[in-house]
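Those protein sequence lines, which keep their order, are chains A and B. Mapping to my numbering: the first sequence position 407 is 1016, numbers consecutive. Mapping to my numbering: the second sequence position 83 is 209, numbers consecutive.
It is worth saying that the hints were derived from the structure and are not from the lab. Quick caveat, the model's predicted, so the values are computed rather than measured. Where hints are given, some of them may not hold.
Unchecked claim - What the simulated footprint calls covered on chain A by chain B, stretch by stretch (three residues with Cβ under 8 Å from a Cβ of chain B suffice, anywhere in the stretch; the number is not a length):
#: 1; segment: 936-944
#: 2; segment: 952-959
#: 3; segment: 990-996
Every residue gets a Cβ at the ideal spot worked out from N, C-alpha and C, and that includes glycine.
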Amino acid sequence: MGIAIHLDDLSVNFDDRFQLNNLNWSIEAGQHWVVTGTNGSGKSALAAVLAGVGKIEQGSLSGLPSNVGLVSFEAQAELIAKELKKDDADIMDVISLGTPVHEMIFDQCQDPELAQELVEKFGLTPLLDRAFRKLSTGETRKVMLIRALSSKPNLLILDEPFDGLDAGTLTMLQEHLISIADTVPMVMVLNRFDEMPDFITHVAYMDKVALESKEAHKHRSEKKLSGAGKLALTVDKNDEQAFHELYQLLHLKTTDLSVPEADPSTKLPDLDPSQPLVRLKQASIKYGDTVIVDKLDWTIEPGQHWQLSGPNGSGKTCVLSLITGDHPQCYTNDIFVFGFQRGNGESIWQIKQFIGYVSTALQWEYRVSTSCKNVIISGFYDSIGMYTKSTDNQKKIADQWLELLGMKDRADQPFNKLSYGDQRLLLIARAMVKHPPLLILDEPCLGLDDMNRQLVLALIEKICEGKETTVLYVNHHAEDQIKGIEYYLGLKKNN
Amino acid sequence: MANYFNTLPLREQLAQLAKCRFMDSSEFSDGVEALKGKKIVVIGCGAQGLNQGLNLRDSGLDVSYTLRAEAIAEKRQSWKNATENGFVVGTYEELIPTADVVLNLTPDKQHTPVVKAVMPLMKQGACLSYSHGFNIVEEGMQIREDLTVIMVAPKCPGSEVRAEYVRGFGVPTLIAVHEDNDPKGEGLALAKAYAVGTGGHKAGVLMSSFIAEVKSDLMGEQTILCGMLQTGSILCFDKMVEEGIDAGYASKLIQYGWETITEALKYGGVTNMLDRLSNPAKIKAFDLSEELKVIMRPLYNKHQDDIINGTFSRVMMEDWANDDANLLKWRAETAETNFEKTPAGDVEISEQEFFDNGILMVAMVKAGVELAFETMTAAGIIAESAYYESLHETPLIANTIARKKLYEMNATISDTAEYGCYLYNHACLPLLGDFMKGIKTDVIGKGLATDDNGVDNARLIEVNAALRSHPVEAIGAVLRGHMADMKKIV
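With the hints as extra help, turn the sequences into a complete structure.
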């Protein structure tokens, strides 16, 4: 563990859109760090600097080891985007299947033995021949972890490594990290203090930096930064007082939330209150001989808030996509949604108008470049991007949501330049903006920091209190339970 | 079967070639009504077949798939594609007699046997839809008089047709009605409803004719789109290596260079692509392209003439009948070129460097786009069609080269395009031999060796004016404007 990394008054620029200023930080031999902070403060950016990302504008960065292993949502999204892009240009009539999992893991692998062991431990063996981009969110994350761990890194950077993993996998990963802690220095970005492994020795706290006024910018350069962050303080974990204060800081709660009204001019068709919102009868999903969902009966009545849980690969997202109409096999199942028996000439947009939806996959698919305000307004149209002119009233409501999220100054900034957590908050607003009869939140807190997690959960509780929206909530974390949810459905893994 | 186009009088040929109109969104207010409750049966389940079917079904339409009995018995990929997505799949005998609309989404080469097999099974008064007019126009397929024949062709790969629909949008789409087969006068209504069902009406629909589609599509794909990029790749690579530039670098500059420079073309036409160069480099690229246009114009004319009079399709169909002997030989030769065999080096090339060090490539794209456009419009094809089949599609093809070089391009385009590409390449390589002797690394590989960016004012004004006043730029500005209106906020 002979590393010594020094950041001296370092300022780093990320594609002229984000800036880290005046970083002073030393990572000495024998230390393991956690980086934490508010959404948009540059936690992930700081970690990425250690992986050689960003342009150094001043100061110095020394002692970076040659082989750095990096696992992050950004890197995961990039890899997925790359895989999806491979599919983009087939002019001819062929279905591109994408890179298989075994190729993603074993091509250019430094330690195939370890990789093999981890594949088994993580239960990925049955998926080795499947296309990487067909995997679930949790499964792709496991592939990322295996790639990094088996690359024989001199420094391991794990940005939210535990998010999206089920309990069994999480324990396994924590044990593995403990076993290598003596030989590999680690820097972790964590939003949850309770996930901090014991071997962590130091904590770094990041904070947002107020942007200079436009006037001041003009004099310096033409850059249009959407955010900037700094390393606000570092804490030795043995210093109990300081450690506790940091914990408090992250738990700051916002008060007095109220949800903006719906738009009276874009009123949805009335639903018959005596009929269920959703009724699945003996619903099944199969790929070839592999059964993902087996004969599921499920009825959601108006006003019944549900929590759906189950390990990675148990088909949670598949079940949801039967309801939303995104799964092609919704046409071969007995599904009744919002007054429609599926497969009788209704269009998918007639179904989607009743649903608000948030998931990690949606965030990855939301790759169009549009403004933050338009992302919220697109919720009125169930579209990704905007293809219709919005009304003044819709714009007004979007402004109210931006204010609620504390993002009023970002209204016209491009969505894809925001941090991961800020993007998520906007997508939740997008889902809620039309006050849908059914709001589906597929792991809505994935990748959010403590403060924003509290904000989101408080928002969901508010929605649950109201009469008009029924909430369907999917989450791994037992502690993220929501007041007002009284119905539970647990899915088991079939294969 | 005789070439249909050649049976028409000149007046009718010209009228058909000149058909292409950007439709107003108000023309789609009936939505999918004309197809509601009708039984749609798709033949073939490749990327277009599958993804169009998914969209049509999500638009509330009744879609099923018919495959050849062997494909079903052997559970081939097409069978899997359809069944895993929850579609009913059956043989021609089972499904075609029940169909109100049959969508033929098989490759060109199979059209004659497929149509001959399904036509006798089709219901009286049903509709047969194509996504490419080759079978009707070039092969002269005669369709039963009671059947309506239409064409609906999304101008994007199948995967994108689906991805854009799911986002709530669509891809630009060309529609046409075969006037000899429109007994009930419902062809246009069906084609419009089909375009709505795939989401195409949101991105823009061109109303064209079978003839305009075939004659412009063939010309575009074999000259600028595939032929020019293949020839340019081979010539530029060999020149750089001959001049001592690292082969890995040369390979990378070309493989990713076409994609990068044509991205600029996509956003702002030839003008914007040239505007990415420094002033001295822009003038250099302009001069080179003028020279290239003079040398290559007879070749573009020949391709267009052969396409218009049917020589091209006749010769190609002779090769089909000869087990694709020429096609396969040329495909093997392409795999053996030095460019194809040299992997892209592990060097960083910035976006701007692709322009600065690829002046000749920019000149080749400009010359190819303008020549293809000029030749098509001179042959009576309307500017809208000529634009879509030249400039608009160039970035799509360039993307395939970025993925896996010429192999990928030729594997993903249709056999018809691939055949035409090789024809062009074989004629163009020797044609540019003398021209290439005068080429040095300042225009391909290293960039202009000058610290002085000065140029003569008068010359720069001339060059800029020439770029901006080319007719492909005028129509391009209008059509990109339509697209931007529709995609305004994105």
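Which hints from the list above does the structure break, by number from lowest to highest?
none
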